[in-house]
Structure formats: structure tokens, C-alpha cells
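**Q** Sequence:
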Amino acid sequence: MHLGFVISDWEGIDRLENGANYKEKVKAAIAAGIDMVMAPYTFQEFINDLTEIVNEGHIPMARIDDAVRRILRVKFVAGLFEQPMTDRSLMDIVGHKTHRELAREAVRKSLVLLKNEKAGKPMLPLSKKAPKILVAGSHAHNLGYQCGGWTITWAGNGGNTTIGTTILEGVKASMSKKTHVVYEERPNERFFENNTGFSYAIVAVGETPYVESGGDNSDLTIPSGGIETLRTVCTNVRCLVLLVSGRPLVIEPYLIEMDALVAVWLPGSEGGRGIADVIFGGHEFRGRLSRSWFRRVDQLPMNIGDEHYDPLFPFGYGLQMNLKAGHSLSHEIRRPSSSSPPLPSLTFSFSSL
Numbered sequence: 060m061h062l063g064f065v066i067s068d069w070e071g072i073d074r075l076e077n078g079a080n081y082k083e084k085v086k087a088a089i090a091a092g093i094d095m096v097m098a099p100y101t102f103q104e105f106i107n108d109l110t111e112i113v114n115e116g117h118i119p120m121a122r123i124d125d126a127v128r129r130i131l132r133v134k135f136v137a138g139l140f141e142q143p144m145t146d147r148s149l150m151d152i153v154g155h156k157t158h159r160e161l162a163r164e165a166v167r168k169s170l171v172l173l174k175n176e177k178a179g180k181p182m183l184p185l186s187k188k189a190p191k192i193l194v195a196g197s198h199a200h201n202l203g204y205q206c207g208g209w210t211i212t213w214a215g216n217g218g219n220t221t222i223g224t225t226i227l228e229g230v231k232a233s234m235s236k237k238t239h240v241v242y243e244e245r246p247n248e249r250f251f252e253n254n255t256g257f258s259y260a261i262v263a264v265g266e267t268p269y270v271e272s273g274g275d276n277s278d279l280t281i282p283s284g285g286i287e288t289l290r291t292v293c294t295n296v297r298c299l300v301l302l303v304s305g306r307p308l309v310i311e312p313y314l315i316e317m318d319a320l321v322a323v324w325l326p327g328s329e330g331g332r333g334i335a336d337v338i339f340g341g342h343e344f345r346g347r348l349s350r351s352w353f354r355r356v357d358q359l360p361m362n363i364g365d366e367h368y369d370p371l372f373p374f375g376y377g378l379q380m381n382l383k384a385g386h387s388l389s390h391e392i393r394r395p396s397s398s399s400p401p402l403p404s405l406t407f408s409f410s411s412l
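When you read off a place in the sequence shown, starting at 1, and then add 59, the result is the number in this note's numbering.
If you are wondering where the hints come from, they were derived from the structure by calculation, not from laboratory data.
Backbone N, C-alpha and C define an ideal beta-carbon position, used for all residues, glycine too.
Among the hints, erroneous ones may be present.
To be verified - Simulated restraints, written as ranges between beta carbons of each label pair:
| id | residue 1 | residue 2 | range |
| --- | --- | --- | --- |
| 1 | E271 | A137 | 25 to 31 Å |
| 2 | I123 | A232 | 54 to 60 Å |
| 3 | H367 | E115 | 54 to 60 Å |
| 4 | D151 | R122 | 15 to 21 Å |
| 5 | R345 | G273 | 29 to 35 Å |
| 6 | L359 | T157 | 37 to 43 Å |
| 7 | I152 | E83 | 54 to 60 Å |
| 8 | T157 | V240 | 39 to 45 Å |
| 9 | I222 | I106 | 36 to 42 Å |
| 10 | H367 | I106 | 41 to 47 Å |
What the hints assert, rightly or not - With a cut-off of at most 25 Å between alpha-carbon atoms, the simulated DSS-like pairs for lysine-lysine come out as follows:
| id | residue 1 | residue 2 |
| --- | --- | --- |
| 11 | K188 | K236 |
| 12 | K237 | K188 |
| 13 | K191 | K236 |
| 14 | K187 | K134 |
Kindly generate the complete structure, drawing on both the sequences and the hints.
**A** Set out below in C-alpha cells:
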């Protein structure tokens, strides 16, 4: 007998494919061993239907007692009856410096360098002493976008809604005091007519927060505005593009315009500091792709070993700043041939706690 209890997903019963009606779905779920049900909108219907099901003898009362016993046991073990509310003294732990430093380290180790040259000229690491630089993009100064879904609210929000460091703030903190850091979220051609002399630009674009099926789409492109921003900036000044996303997106059409590209994923509240630690040369890139990066959505699903495996970046790909100029694009992105070195492999080991 397990000592926990089984809980359904949010509206899990509603989504069951089998069952002539809601009542039949309730009966099937409880009979299958679900002890607690998340029924946020149909809870009264659930209570009424389950009561009828038990009264009609379709589910024995012993099954209900078993579910209640499991739930109460967990609550007793957790001490919820003695102390039902959260211990407010633990608030000092939230956002503790040691936790933030660990999060910052996680950012450094997860960044994946996808490109670091244009016309044979490497871009990274960036100089901290450049006279004037541009920071641009919808994700450059937006903690909500860095954190993604399940942050503050269920689906996440845009804006600086929590405590942390944005990419812009991380860059500013790393630069020389003599450097003029210009921030413009969506610079256009007129902006560059009136603003010149940039040593380089950092452009942060990507997806807006989502959760679960709310993020489903069939094109997987950088949302509106992001493509225009990176193209405008990269046409006018050497640019490092930071792609903020929870998954690979279509980037091949714009790759040639970038001097450097880093997949920063969803770096969270310490993203600004962690990213700055690496792009300015304080730490080396260590991240590798945990999945193949497609060229076009019509290639999906794409898995290593497929007969027509032709990714933009293969599984396990990731550059470092000490690579020789030109090596990244001329060698790594091509489709592996029979004479190419074998693709990277991973070995996992598990042990019970």
C-alpha cells in the first residue's frame, strides 16, 4: 500500500475521452484509484454525481473511506492540523542570497552558444570597455519574459513583476562606468540615423510567457516585432542576439544576419547577471543542446537517428568562445555524413533515495 494519495490533473476528469457523460467519467476515475479530484468549475456537479454513484452502489463506501484515509494521513504527517498556515519565519529564506547565486550559476551553465562569427570575425566575448553600446529587444528589460509561465501567476506575465536582474541591468552592471549604454526596445531606421557610433549591440528577443497548451502553435516563429528588431539592429551594427524561449524556434532565415547567437532559454530572475557573467568572458559557455534544433517546422518531429535527420544544430551542439574563427558554421552545422565523427551520446544512471 502506498502512503501518499493520487490526485487528478486540473479538469482531468472533464478531459477523459471515454464515458457517455460527466457522471460516467467520475465513476471511472474514482474506481481507477483517483483519491482527490481537481474540479475547479464543476465541483458541485462532481459532488452530486459522486454521491449518486455511491448511493446507487456503483462504488462502495469503502473506496471513499480509503481515499479519505490516504488524504488525511498525508495531512497528519505534514503537520497541517497542528500548523495549517505557512510558517512566516521562513519568509527570510525566499530570495536568499545563496539561492540567487545558485540560480545565477544555473544560468551560466545552461546558456548555449550557437554562433560566434560573421565573415570570419568572432564576436564573443564582448568588451566591457566599449565606448558606446546598444541594448535592444522586447526581452532586454522584462523579468516576466525571462521567467516564463508559472511565475507570479499561472500563465506568467510580462513586466518586472518580481525581484531579479533583467538582461539590461546585468549588462549595465558589467560595463565600464565610462561606457554609454543606450537602451531602445524597438529601434527603427530613423533611430540609427540619429544614433551612431555603437561598438556593438545586444538584442534580446523571444517568446512571451505561456503554460501547457497555451503555448501550442504551428509555426514556432519569433513573435511579431522580434524579427523586425533583430534584423534592423543587425543590419546597422554588429549584434549579439539572445534568444529567450523555452524551446527551439525558427531562426535559420535570420542566422546569416547575426554576428553571434545564444540560446538563453528562460533564465529566470537571475538571468541578467548569469548571462553577463558569460558573454563578457568571465565564464566559458558550457551548455549543449538537449534536443535537435530544426530548420523548418515541417521537419518536426525530429529525433537523432531519423532517416532524414538534417537539423540546423544537432543534438548535443554547443560552441565555446575559444573556437577558431569560422569553425562553428563551416563544420558544425552541416548534416553528419558517414565519415563524420559520431554524434554525442548521453548515459544516465539512477539510484533510489
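**Q** Any hints this thing doesn't respect? Which numbers, in order?
**A** 4, 7, 8, 10 and 14
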